[in-house]
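Chains as they are written, first to last, in this note's numbering: chain A, 1 to 324; chain B, 1 to 264.
Hints in this document: simulated from the structure, not taken from any laboratory.
C-beta: ideal position from N, C-alpha, C; glycine also.
It is possible that part of the hints are untrue.
[Claimed, not checked] Pairs of lysine to any residue, SDA-like flavour, derived with a Cα cap of 25 Å:
(1) A:Lys135 / A:Arg203
(2) A:Lys161 / B:Gly241
(3) B:Lys261 / A:Ser157
(4) B:Lys230 / B:Gly241
(5) B:Lys261 / A:Arg230
(6) B:Lys261 / A:Glu38
(7) B:Lys87 / A:Thr158
(8) B:Lys230 / B:Arg255
(9) A:Lys289 / A:Ala275
(10) A:Lys37 / B:Leu193
(11) B:Lys261 / A:Gly22
(12) B:Lys261 / A:His24
(13) B:Lys261 / A:Ala275
(14) A:Lys161 / A:Gly250
(15) A:Lys161 / B:Trp175
(16) B:Lys261 / A:Arg203
[To be verified] Just a few of them, taken from the derived set where beta-carbon distance is under 7 Å, the chain A residues facing chain B:
(17) Leu74
(18) Leu75
(19) Trp80
(20) Asn105
(21) Tyr125
(22) Tyr148
(23) Leu156
(24) Asp187
(25) Gln197
(26) Ala199
(27) Ser200
(28) Leu201
(29) Tyr215
(30) Val308
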Amino acid sequence: MPVPISEASAISPTMLAIEAQGLHKVFRGGWPTRRRKEALRGVAVAIPRGAIFGILGPNGAGKTTLLSILATLLLPDAGWARVLGLDVVRQARALRARVNLASGNASFLWALTAEEILHFYGRLYGLYGRGRHRKVQALLERCEIEPYRRVPYNELSTGLKQRLSLAKALLNDPEVLYLDEPTVGLDPDIAVRIREQIASLRRERGITIVLCTHYMREAEQLCDEVAFLREGRILARGSAAELKREIRTGDRIRVRLEGPVPALAGLPGVLEATAAEGVLECVVDDAVKRLDDLLGALREGGAVVRDVRVLEPDLEEVFLELAR
Amino acid sequence: MSWRAEAARYWAFVAKNAIMTRRSVFMLFEVLFWPCVWLVSVGLLTRFLELRQEMVAYVLVGVISMSIIQVCHLDVAFALLLDLWAKSMKHQFLAPIHQGHLLLGHWLMGVLRGIGVFALLAVFSAHAFGFDFLRAGVGPLALFLLGLFLNAAAIGVVVCILILQYGHRAEVAAWSLVSLMMLVCGIYYPVTLLPGAVRWLAELLPLTYFLEAFRAYYGFQPLYAHSLLKGYALTAAYLVGLLVLFQWGLNRARRTGLLLKLSE
Ligand SMILES: Nc1ncnc2c1ncn2[C@@H]1O[C@H](COP(=O)(O)OP(=O)(O)O)[C@@H](O)[C@H]1O
Ligand SMILES: [Mg+2]
């Protein structure tokens with residue numbers, strides 16, 4: 001049951017950093033057969049200023065395509081998008097000065113050092129003289145690449161490359177920052193550091209961040225709001241809490257017990273119950289409402305309850321439910 | 001917008017190509033090794049054939065011109081070629097620059113490098129083969145070199161347009177286009193030797209006229225009147241057309257997604 005896309009009109013347009021309607025994109029690739037690939041099929045988003053907005057979805061869902069259109073790197077076939085009040089097609093150049101993008105699998109000129117790459121792109125953003133040197137120095141420190149400033153790009157580790165990509169994306173102090181899978185393929189400890197940096201960017205500077213990821217955890221941790229994208233369509237959007245509430249995957253109650261396991265099928269609100277090796281797993285419509293009845297039924301049936309845990313659904317389950 | 005910010009955008013590409021040259025053996029070879037090998041081998045050939053001094057000048061003008069064009073056009077082609085290889089294409093087009101920054105910036109580096117190559121080859125051939133590169137005077141020489149640089153810019157832009165259209169498949173254009181010009185424009189021989197259809201092609205290419213005009217100073221009767229003027233007029237027309245095509249190609253690459261495909 002897809003959740004309707006919440007009405008953008010509730011928020012005044014000036015408060016929106018990004019607004020898009022009916023975005024379509026078809027790629028025609030592969031010579032000579034000209035395969036057709038519909039990457040986006042009518043995507044609408046409304047992202048308030050200062051928000052971290054997550055675009056979630058499996059590989060090939062169209063996340064990068066959507067981000068590229070919003071970043072003026074790709075022209076949509078149909079629909080429109082405005083970022084910071086500027087049309088992404090007609091006012092692209094003015095927009096480019098105010099947004100930036102970092103992707104997890106970014107690539108830069110191999111022979112240039114980390115520092116040289118930042119100076120090169122810094123110049124492209126119109127930075128010059130001492131101002132540019134200060135900026136590059138600050139970003140090298142902020143993104144923790146200072147010790148590797150003189151290392152050529154192709155000798156940097158994946159984590160450092162990702163951090164360099166982030167540093168490059170901050171050169172122009174963007175008002176809107178696009179992050180395309182910023183932690184893909186990283187060791188967990190490094191991924192955590194990058195997530196901290198993303199969170200602090202919003203905290204310190206109020207940047208609007210659009211984050212594409214297929215790690216649900218990452219989105220849940222960082223984003224105010226997420227949209228589920230699959231096969232070029234947005235299936236649902238809202239805050240993680242809203243989505244969990246609206247798309248009831250049910251709460252999971254896990255009970256460790258001793259003695260016989262009574263049949264629970266008849267109990268109101270119990271959607272599913274499985275027992276194995278002294279652990280009973282119940283899916284109920286609402287844990288708060290049903291917990292007492294459930295425990296009562298167990299005791300009556302002669303079971304001794306040793307441990308009870310109520311597990312909230314995570315975004316992953318919400319997504320699986322949606323994708324069904 | 002401050003002029004220093006604007007200047008930084010042009011300079012970005014000059015600085016990038018300068019660093020890349022220092023870093024990569026490949027580029028150093030392109031700039032120093034091949035032009036020298038070519039000049040020495042052809043110079044010695046003229047000795048062996050016991051050519052008159054004017055003939056030696058005729059051939060060496062051709063060789064030096066081609067070296068300059070080869071080096072300079074490569075810098076312009078690097079506007080896309082380096083990023084094509086590194087798969088980093090999208091980042092420069094994400095920045096607030098226009099094609100002027102990109103192409104002019106790269107061309108500036110090409111001109112600097114071209115002047116370097118010219119100085120090297122001219123001085124060397126003066127010593128080794130008695131070639132008097134200043135015979136025409138400084139003014140005509142400068143006009144000739146400028147013509148070559150603009151020619152190189154045009155070829156470089158053609159390579160870029162092909163890359164925007166065909167991606168990796170266009171790489172070969174970077175080296176083969178210049179060689180084709182060598183065949184057609186009369187590097188070693190007057191274009192009158194060419195068969196009809198090919199000669200017609202030669203007359204469409206500005207390099208033919210620039211060579212004609214410059215060789216006139218070495219006692220060769222020009223085939224065409226106002227060669228220099230024709231050369232510049234043709235070059236200007238081509239450049240305008242090519243810049244329009246480049247912009248069109250870039251838009252097309254934004255539409256088809258090639259720009260993304262060439263990144264990451
Ligand atoms: N530049 C491109 N050219 C052709 N097809 C593309 C291009 N970019 C993406 N696609 C196709 O469009 C679909 C969506 O891709 P993408 O937006 O990259 O997905 P995601 O980022 O969610 O993994 C995929 O099937 C992909 O093969
Ligand atoms: Mg992607």
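Evaluated hints:
no.: 1; hint: A:Lys135 / A:Arg203; result: holds (20 Å)
no.: 2; hint: A:Lys161 / B:Gly241; result: violated (39 Å)
no.: 3; hint: B:Lys261 / A:Ser157; result: holds (23 Å)
no.: 4; hint: B:Lys230 / B:Gly241; result: holds (16 Å)
no.: 5; hint: B:Lys261 / A:Arg230; result: holds (21 Å)
no.: 6; hint: B:Lys261 / A:Glu38; result: holds (16 Å)
no.: 7; hint: B:Lys87 / A:Thr158; result: holds (16 Å)
no.: 8; hint: B:Lys230 / B:Arg255; result: violated (37 Å)
no.: 9; hint: A:Lys289 / A:Ala275; result: holds (21 Å)
no.: 10; hint: A:Lys37 / B:Leu193; result: violated (52 Å)
no.: 11; hint: B:Lys261 / A:Gly22; result: holds (24 Å)
no.: 12; hint: B:Lys261 / A:His24; result: holds (18 Å)
no.: 13; hint: B:Lys261 / A:Ala275; result: violated (50 Å)
no.: 14; hint: A:Lys161 / A:Gly250; result: violated (41 Å)
no.: 15; hint: A:Lys161 / B:Trp175; result: violated (32 Å)
no.: 16; hint: B:Lys261 / A:Arg203; result: violated (34 Å)
no.: 17; hint: Leu74; result: holds (6 Å)
no.: 18; hint: Leu75; result: holds (5 Å)
no.: 19; hint: Trp80; result: violated (15 Å)
no.: 20; hint: Asn105; result: holds (5 Å)
no.: 21; hint: Tyr125; result: holds (6 Å)
no.: 22; hint: Tyr148; result: violated (17 Å)
no.: 23; hint: Leu156; result: violated (13 Å)
no.: 24; hint: Asp187; result: violated (21 Å)
no.: 25; hint: Gln197; result: violated (20 Å)
no.: 26; hint: Ala199; result: violated (24 Å)
no.: 27; hint: Ser200; result: violated (23 Å)
no.: 28; hint: Leu201; result: violated (18 Å)
no.: 29; hint: Tyr215; result: violated (19 Å)
no.: 30; hint: Val308; result: violated (48 Å)
Hint compliance for this structure: hints 2, 8, 10, 13, 14, 15, 16, 19, 22, 23, 24, 25, 26, 27, 28, 29, 30 are broken, all remaining hints hold.
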